[in-house]
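Got chain A; can you put chain B on it based on the hints?
Chains as they are written, first to last, in numbering that gives the first Met the number 0: chain A, 0 to 140; chain B, 0 to 75.
In short, the hints are calculated from the structure, not lab data. None of these values were measured; they are calculated from a predicted model. One thing to keep in mind: the hints can contain errors.
Stretch by stretch, here's where chain A covers chain B in the computed footprint (C-beta under 8 Å, at least three residues) [what the hints assert, rightly or not]:
id : segment
1  : 26-40
2  : 48-59
Using 25 Å as the maximum straight-line C-alpha spacing, the simulated DSS-like pairs for lysine-lysine come out as follows [as the list claims (entries may be wrong)]:
id : chain 1 : residue 1 : chain 2 : residue 2
3  : B       : K1        : A       : K91
4  : A       : K84       : B       : K25
5  : B       : K12       : B       : K25
Example chain A residues on the side facing chain B (calculated, C-beta under 8 Å, incomplete) [to be verified]:
id : residue
6  : L82
7  : K84
8  : Q107
9  : V110
10 : A111
11 : T112
12 : L114
13 : N118
14 : H134
Using N, Cα and C, we set each Cβ at its ideal position, and we do this for glycine too.
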Amino acid sequence: MNHEEDRTFDSLTVGDTAFFEQAISEEDVRTFAQVSGDRNSLHMDDAYASSTPYAGRIVHGMFLGALVSRLVGMQLPGKRALLVKESLEFKKPVRIGEVVRVSGVVTQVSVATRLIELNVQITVADMLVADGVVHVQVRPA
Amino acid sequence: MKDFTALVTEHFKIATADIADTLSAKDIPEWDSMNYLLFIADVEEAYNVSFTMDEVLGAQTLGDVKNMLRSKSITI
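Next comes chain A alone, as it looks inside the complex (with noise of 0.2 Å):
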């Protein structure tokens, strides 16, 4: 999805919603170490991985994390979007080619201080495998 949404201050109110799926490939975990440069093995060794509790691979956490900075910044609000905060708590780990559904509601609006408040989601199948809250400042233009 490269839709930049560009919604107004204005035109947001608690309960807006906004979500987005996607399959989570080995080349996404691969570009996600080489750019953070996280190789921890959990995530990069097949040997390794497979020896732990996990007993394969798990996607980072911080790239889950990633995929909510795109969904403030293209979707909740968009082309508007100043991240101020992110807290994500882990529940679950993720696998590569898992597909994950990362969804945000707006739970306030502080018209003094132009912040929105999220609750975000990221399931996998309907399963919880990250939440947590966002503060995003919709910039004037």
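Below, chain B without anything else, positioned relative to chain A:
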């Protein structure tokens, strides 16, 4: 609901005993412009009030923020 003191300690990382109405950005290292706005947004949510941009930008101290609440008939 978190009260004003709890919000101050959470956002500005200062002990309850050290909180004073006279404290301002000059006294609190964590009081940067964005953290202040996050604090204000949480105060609005906690007390179910809405401030204006002028009120928010005009407040210089914690006491000023308390006075903003009092102006909305909040007892604090």
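Okay, the hints, checked on the actual structure:
1. 26-40: holds (count 5)
2. 48-59: Per the Cβ count (6), the hint holds.
3. K1/B <-> K91/A: violated, 29 Å
4. K84/A <-> K25/B: Given that 25 Å is the threshold and the Cα spacing comes to 23 Å, the pair holds.
5. K12/B <-> K25/B: holds, 14 Å
6. L82: L82/A check fails; min Cβ-Cβ to chain B is 11 Å, beyond 8 Å.
7. K84: holds, 6 Å
8. Q107: holds, 5 Å
9. V110: holds, 6 Å
10. A111: Holds, because the Cβ-Cβ distance from A111/A to chain B comes to roughly 4 Å (cut-off 8 Å).
11. T112: holds, 4 Å
12. L114: holds, 5 Å
13. N118: Since chain B brings no Cβ nearer than about 13 Å to N118/A, farther than 8 Å, the hint is violated.
14. H134: holds, 6 Å
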